[in-house]
Amino acid sequence: MIKRLLIFALACGTVLGSWAFWFEPASLKNKNHEIALASWPAPCDGLRVAVLADLHVDSPFNGADKVKRIVDLTRAAKPDLILLAGDYVVHRVLGGTFVSPEAIAEGLRALSAPLGVFAVLGNHDRWLNARQIEDAFKAVGIKFLEDDAVSMTSGNCSFWLVGLSDFWEEPHRYKAALAKPPHGAPVIVFTHKPDLFPQIPNTVAITFAGHTHGGQVYFPMVGRLIVPSRYGERYAIGHIVENGRTCLSVLESGPASCPCVFLVPPEISLVTLRTSAASHRDHGRST
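Under the numbering used here, the sequence shown has 287 at position 287, and the numbering climbs by one with no breaks.
Don't read these hints as lab results, they were simulated from the structure. Just so it is clear, the structure is predicted and the values come from calculations on it, not from any experiment. Hints should not be assumed to be uniformly reliable.
List of simulated lysine to any residue pairs, SDA-like, C-alpha gap at most 20 Å [claimed, not checked]:
1. K29 to A42
2. K68 to S39
3. K29 to T97
Label pairs and their in silico Cβ distance ranges [stated by the list, open to error]:
4. P43 to E102: 35 to 45 Å
5. N202 to A176: 35 to 45 Å
6. K138 to A64: 19 to 29 Å
7. Q199 to A64: 20 to 30 Å
8. S158 to L225: 23 to 33 Å
9. G155 to P220: 22 to 32 Å
10. A77 to V140: 11 to 21 Å
In this text, a Cβ means the ideal position worked out from N, Cα and C, and glycines have one as well.
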């Protein structure tokens, strides 16, 4: 009896270990969100935004082939706007192989959208070399918005895009950046860490952030085990509405320095913004 239990336990451990350390980290999917915003203008109804966070190209299962899969899936979704929310590299990863920022940028060169491709830096990017990453990305046409804002127009749809610098690694000048859009203008914010979200005014339509990896390891009824946030699981994953403000904390496109994920598979977040005067809804559908 004891021998059978040991064999069963070993088999379960092997299956779970294979899932967490190989199958799930190597996976990738598109996930569609539809979010209705009370402050979103009618001419912009249906705007599609692709948000890619935490590519961590140096980590296991995240080499040139994975970057190509990310680019192909994103392009196939035909978003109006692409936002890159930081951590393109990973600093001193267990089991990883270093990939230069220039090689990562070259792999992302094919990303395109009618309203452009914009990026902010993450903490791992700053630990490596922020200037090198910025120069490499700019060379392939990816624009950085570090505590800056830009006006966006598509037909009758007009809004402002604000990129905010990393919450831990930079003395972010978010107030100055948020002061650039005219009063009453629709605003989208994107940044690396959701810990900045409580400081975002409720005049912002939506904030996009990454970094938390959805806790990276999630056990139902136990919780999310690895959430690098001062707020714990509060902003770990998904669509959050708090004090009249809206945030989408997206999952990683690649696992971080620990090459293990469980029930939080890598994904590309594809967000359709809808106009609504009364409700907020978020429906996830994997494709």
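Structure-based check of each hint:
1. K29 to A42: Violated, at roughly 30 Å.
2. K68 to S39: Between K68 and S39 the Cα gap is close to 36 Å, so the pair fails against 20 Å, i.e. violated.
3. K29 to T97: Given pair K29, T97 is violated - Cα atoms ~23 Å apart, limit 20 Å.
4. P43 to E102: 35 to 45 Å: Given range 35 to 45 Å: holds, Cβ gap about 39 Å.
5. N202 to A176: 35 to 45 Å: violated, 19 Å
6. K138 to A64: 19 to 29 Å: holds, 20 Å
7. Q199 to A64: 20 to 30 Å: violated, 37 Å
8. S158 to L225: 23 to 33 Å: Hint violated: Cβ distance 43 Å, outside 23 to 33 Å.
9. G155 to P220: 22 to 32 Å: violated, 44 Å
10. A77 to V140: 11 to 21 Å: holds, 20 Å
Going down the numbered hints, you'll see the structure goes against 1, 2, 3, 5, 7, 8, 9, while the others check out.
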